[in-house]
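Chemist: What follows is each chain in one-letter form.
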Amino acid sequence: MYNFEFEQPTTVADAVKALSEEDAQALGGGQTLLPTMKQRLAMPSKLVSLTAIDEIKGVKKDGDQLVIGGGTTHGTVAREAAASYPGLAGLASKIGDPAVRNRGTMGGSLANNDPSACYPAALLASGGTVVTDRREIAADDYFQGMFTTALEEGEIITAVKLPIPEKSNYQKFEQPASRFPLVGVFVAKYAGGVRVAVTGASNEGVFRWTEAEEALSGDFSASALEGLSASAEGMISDIHGSSEYRAHLIGVMTKRAVTAAA
Amino acid sequence: MPKDSGIGASSKRREDVRFLTGAGNYTDDINIRGQAHVYFLRSDVAHGKINGIDSSTAEAMPGVVRIFTGKDFEGIGGLPCGWQVTDRHGEVMQEPPHPVLAQGKVRHVGDPIAAVVADTAEQARDAAEAIEVDLEELPAVINMKEALKEGATKVHDDLTSNLCYDWGFVEENKGAVEEAIQNAAHVTTLELVNNRLVANPMEPRVAVGDFERGTGNSTLYTTSQNPHVIRLLMGAFVLGIPEHKLRVVAPDVGGGFGTKIFHYAEEAFCTFAAKAINRPVKWTSSRSEAFISDAHGRDHVTKIELALDADNNFTAIRTETHANMGAYLSTFAPSVPTWLHGVLMAGNYKTPNIYVNVKAVFTNTVPVDAYRGAGRPEATYQLERVIDKAARELGVDPIALRRQNFITEFPYDTPVAVTYDTGDYGATMDKLEEMADIAGFAERRKQSEAKGKLRGLGINCYIEACGIAPSNLVGQLGARAGLYESATVRVNATGGLVVMTGSHSHGQGHETAFPQVIADMIGIDESMVEIVHGDTANTPMGMGTYGSRSLAVGGSAMVRAAEKVINKAKKIAAHLMEASDADIELKDGAFSVAGTDKSVAWGDVCLAAYVPHNYPLEDIEPGLEETAFYDPSNFTYPSGAYACEVEVDPDTGKVTIERMMAADDFGNVVNPMIVSGQVHGGLAQGIGQALLENCVYDENGQLLSASYMDYAMPRAADLPNFEVDHSCATPCTHNPLGVKGCGEAGAIGSPPSVVNAVIDALNSGGKDVPHIDMPMSPARVWAAMNGAAATGHGTAEGRSLGGASS
Ligand SMILES: Cc1cc2nc3c(=O)[nH]c(=O)nc-3n(C[C@H](O)[C@H](O)[C@H](O)COP(=O)(O)OP(=O)(O)OC[C@H]3O[C@@H](n4cnc5c(N)ncnc54)[C@H](O)[C@@H]3O)c2cc1C
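Top line first, the protein sequences correspond to chains G and S. Heads up: the first sequence begins at 1 in the numbering used here, then just goes up one per residue. Heads up: the second sequence begins at 1 in the numbering used here, then just goes up one per residue.
Heads up, some of the hints might be wrong.
Which chain G residues stay away from chain S? Per the calculated CB distances, all over 12 angstroms, these [unchecked claim]:
id: 1; residue: Phe6
id: 2; residue: Leu33
id: 3; residue: Ser93
id: 4; residue: Thr129
id: 5; residue: Arg135
id: 6; residue: Gln144
id: 7; residue: Glu214
id: 8; residue: Ala224
Selected chain G positions facing chain S (in silico; Cβ < 8 angstroms) [as the list claims (entries may be wrong)]:
id: 9; residue: Phe173
id: 10; residue: Pro176
id: 11; residue: Ala177
id: 12; residue: Ser178
id: 13; residue: Asp238
id: 14; residue: Ile239
id: 15; residue: His240
id: 16; residue: Gly241
id: 17; residue: Glu244
id: 18; residue: Tyr245
id: 19; residue: Leu249
id: 20; residue: Val252
Derived from the structure by calculation, the hints contain no laboratory data. All values derive from a computational prediction rather than experimental measurement. The beta-carbon is built from N, C-alpha and C at its ideal position, and this holds for glycine as well.
All chains should be modelled from the sequences, with the hints used to inform the complete structure.
Modeler: Here's what the structure looks like:
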């Protein structure tokens with residue numbers, strides 16, 4: 001690790017100020033950023049820890065949506081969203097191990113936008129909104145390819161708003177080594193239709209499987225997916241699976257998610 | 001009744017108290033006043049020419065003490081290879097130099113180019129980043145078959161080719177084997193890859209070099225399985241330090257699995273640099289560094305043919321293997337695919353004709369050497385897979401086919417030069433059938449099918465050779481070392497004992513098991529015996545621990561030394577009781593005179609030896625301390641039968657192990673709990689190899705599985721509750737304890753049963769899949785079921801080492 005300065009503000013306003021310095025970077029749970037720094041692949045001059053900012057923590061129900069602070073840990077989401085949004089809580093409960101879940105945050109996961117991260121699938125399938133210190137961004141506009149988002153330099157995710165679906169489920173097929181999703185599918189059924197988001201599979205990061213959404217919006221059952229297959233085009237191909245295999249798993253995991261949700 | 005102490009008792013591992021409470025003393029716990037730290041600048045290309053190294057900026061950076069490059073090692077020896085193989089044509093293997101720091105060229109990702117010594121490890125790393133290396137990248141050879149082609153890029157310019165040796169065994173059998181194959185009623189052929197593995201002991205390697213200016217003595221603290229071997233190799237061949245001026249200490253070591261046998265550049269560097277800068281020098285490997293600097297394991301590509309007559313008797317076996325050596329010859333690398341592999345090719349079967357051909361190949365990859373089982377898993381895997389394939393082709397029961405061909409009479413001379421002293425393969429198979437409830441399998445399969453899963457049952461046998469010996473034979477086979485073991489038994493004046501053993505414990509539990517033997521011999525409490533190991537300063541010259549040799553060879557040396565002690569103590573007791581030594585008996589910690597009620601306690605005899613007031617000084621010396629060196633007359637041959645039941649998810653290809661059973665014959669067992677633990681660990685690693693672990697290079701020689709993000713280690717949740725048994729015991733006939741060795745069996749015996757089970761499952765689902773290479777990842781199993789590509793570029797399939805899967 002290279003040397004860096006460390007600040008731990010207690011308000012979003014102070015954090016934004018601290019982040020306006022060149023090469024300053026926000027630190028959430030550190031579960032991605034710290035290993036990267038230890039490998040000397042990142043060298044921020046200053047880390048601005050968000051862990052002491054209470055206003056960006058917690059899970060709240062607000063009408064028919066769930067509002068989750070950007071600094072809320074996966075562990076907290078797993079516990080506190082269990083009653084209102086079990087599909088989301090189920091996802092959170094399977095990220096990494098207890099140590100990762102007790103440190104890692106939803107804001108950190110969404111800001112990082114790893115193509116194999118779990119939360120992006122939940123946000124996109126829920127048609128949620130990312131709330132930052134300066135604006136609100138719709139999920140469909142937020143993800144811009146692997147490790148790329150609509151966030152600007154120094155912009156902090158303060159909260160995420162997720163409309164609560166009637167039914168939902170997340171199925172994660174683990175990559176054997178990292179246990180991140182090789183393919184993860186989040187299915188959410190709303191009065192207005194079904195949304196299906198796929199993570200882990202595509203070179204472009206999380207995406208919506210619109211053919212499946214159409215089929216499921218008419219008939220929310222696994223059999224509605226019969227005959228549908230995701231294209232292998234653009235899917236990741238690596239030592240853990242070919243693009244064809246990933247495309248195949250999208251179909252399998254979507255069916256399983258629908259069955260588990262229905 | 002289970003015993004509660006001595007041989008046969010499951011005494012609790014006394015060393016675990018310190019390991020589990022943070023009181024261990026590992027090499028990284030050793031910090032010497034004034035020590036500096038070294039960071040190795042390693043090659044990030046697989047093959048390259050060093051046109052220049054500019055370290056001027058780095059030298060001026062904070063804390064930097066000195067920067068070393070290959071130039072500093074020009075007059076110094078390279079890392080020696082401990083085994084010379086002679087090929088089919090009577091020529092000795094090609095043996096390239098292996099410099100401590102690169103001399104003009106780098107030959108694998110991770111090859112050390114320069115070493116920065118600084119006050120702190122971070123400063124050393126900072127400075128290393130400021131070194132400018134003018135490195136001209138050259139084409140790399142990764143694929144073994146490509147490496148052997150005419151005109152292939154050579155890993156070593158000075159060698160005639162990338163072929164290290166072309167070994168034939170037994171060369172005289174070749175013609176007979178060919179004939180038997182031609183005349184066979186049936187021949188089953190199988191091509192397979194034994195996947196390359198990274199050992200991944202929990203503790204990464206560490207070295208601390210120290211030089212005492214006052215005495216001129218050097219000390220190396222290192223994570224080694226055999227400190228005396230390191231002292232000999234490094235002292236005599238690399239640095240030219242006589243052994244009496246060099247001490248090597250391997251304190252608590254957190255797992256080795258073979259990869260800590262070898263002498264590594266970092267050890268020689270720290271010892272050398274400590275003297276050069278007159279400060280202790282410490283190196284602690286990071287996990288990432290371990291992936292590119294610890295010797296890897298396995299990496300064989302094999303074609304095996306099994307010939308059978310019309311009655312399904314095995315008539316011949318022929319195998320052809322390409323074995324990857326990596327870029328340099330690691331300490332015992334040449335012996336692994338030859339003498340630890342070819343001699344096991346008979347397995348448990350009375351096949352009359354066997355011929356083994358091995359081509360060892362240099363590639364631009366990390367050196368490959370022994371890993372848990374070393375050669376024997378590779379032999380067992382191909383043999384037990386081809387037998388299973390033959391059974392399927394012939395439509396016969398795989399257990400019956402094996403039983404029919406079992407060796408049943410001992411001693412048995414195999415056609416591959418070894419003599420099995422004893423064994424009972426039918427007994428372990430009987431035991432296995434009972435444990436595995438083979439009769440109930442059909443019902444369990446039905447239950448799995450009701451859940452939409454395919455269920456398979458795989459079984460296999462194994463034989464292994466442990467305690468590799470005797471020295472005069474291995475010398476003829478090319479070993480440049482003896483393979484005896486040593487022990488000194490020191491009795492203290494008040495009756496307690498210290499055993500100084502040349503064996504080394506890095507997790508095996510010697511500190512518990514060895515005292516059980518001594519306690520039994522004398523009839524005293526185990527707590528009166530202490531085991532000392534791992535320090536050349538206070539143990540006799542010994543060869544260390546690998547190849548499941550500790551108890552069979554080291555334990556035998558200890559028994560011999562203890563016998564000498566007891567014989568002398570009997571003489572002292574005879575004197576004290578005014579009897580003849582021939583009449584003295586030792587039992588329950590007391591000497592008595594046969595046929596009388598005269599008796600003297602063990603402790604009183606010990607005291608007399610050190611306070612020799614009433615003592616036969618004219619006949620025997622005072623003191624009670626003896627040393628023995630034990631050189632076995634043969635290998636030991638543990639054997640067994642394993643079974644595995646898997647479920648396969650046909651939608652995803654994911655395999656789960658539902659049951660895993662092991663029936664082993666280890667001969668006599670000193671501590672059943674420790675033995676079970678050794679088998680459990682071996683099974684975990686065997687299952688890891690079969691389902692998860694894979695060391696993968698891309699075509700340019702970049703390591704793709706270079707961290708735990710991509711190298712899949714087995715975890716507890718991947719494993720079932722193991723059922724292990726070692727009640728079938730045919731004691732070894734040639735060592736005093738009748739023990740055989742159990743450290744590697746689990747890793748040798750399990751991979752074929754896992755693969756056999758998966759193939760069985762797929763076939764039960766109507767998928768005619770003859771073979772899947774390990775690891776049987778979900779992607780590979782799914783691809784095999786659907787005739788599709790499993791993985792993307794740069795994969796094991798992509799590199800297709802010797803053409804097995806091309
Ligand atoms: C062993 C292990 C297993 C894992 N398994 C999984 C898994 O299965 N699935 C999965 O999805 N993830 C997994 N992760 C990743 C984990 O979920 C991380 O916690 C998460 O990706 C990053 O969150 P963090 O709070 O730790 O962010 P950090 O590491 O602190 O930061 C990551 C990035 O986000 C930025 N950032 C942090 N917080 C904010 C914010 N509020 N606003 C704006 N930018 C911010 C940082 O500047 C940095 O660029 C795993 C991690 C580990 C170590």
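Chemist: Are Leu249(G) and chain S close enough, Cβ to Cβ, to be under 8 angstroms, as the hint says?
Modeler: Hint holds; Leu249(G) Cβ to chain S Cβ min 6 angstroms, cut 8 angstroms.
Chemist: Beyond 12 angstroms on every Cβ pair: is that true for Ser93(G) relative to chain S?
Modeler: 15 angstroms, holds
Chemist: Holds or violated: Phe173(G) as interface residue toward chain S, Cβ cutoff 8 angstroms?
Modeler: 6 angstroms, holds
Chemist: Using Cβ atoms only, decide whether Glu244(G) comes closer than 8 angstroms to chain S, and label the hint accordingly.
Modeler: 5 angstroms, holds
Chemist: Going by Cβ atoms only, is Pro176(G) closer than 8 angstroms to chain S?
Modeler: 4 angstroms, holds
Chemist: Any CB of chain S closer than 8 angstroms to the CB of Gly241(G)?
Modeler: 4 angstroms, holds
Chemist: Close enough to count: is the Cβ of His240(G) nearer than 8 angstroms to one in chain S?
Modeler: Constraint on His240(G) satisfied, holds at 6 angstroms.
Chemist: Using the nearest Cβ pair, does Ile239(G) come within less than 8 angstroms of chain S?
Modeler: Interface hint status for Ile239(G): holds (5 angstroms vs cutoff 8 angstroms).
Chemist: Was the hint right that Asp238(G) lines chain S, CB cutoff 8 angstroms?
Modeler: 5 angstroms, holds
Chemist: Measuring from the C-beta of Ala177(G) to each C-beta in chain S, is the shortest one below 8 angstroms?
Modeler: Given a least distance of 4 angstroms, the restraint on Ala177(G) holds.
Chemist: Determine whether the non-interface label on Leu33(G) survives the test: each CB of chain S must be over 12 angstroms from its CB.
Modeler: 15 angstroms, holds
Chemist: Evaluate the condition: distance from the CB of Glu214(G) to the nearest CB of chain S exceeds 12 angstroms.
Modeler: 23 angstroms, holds
Checked against the numbered hints above, the structure violates none of them.
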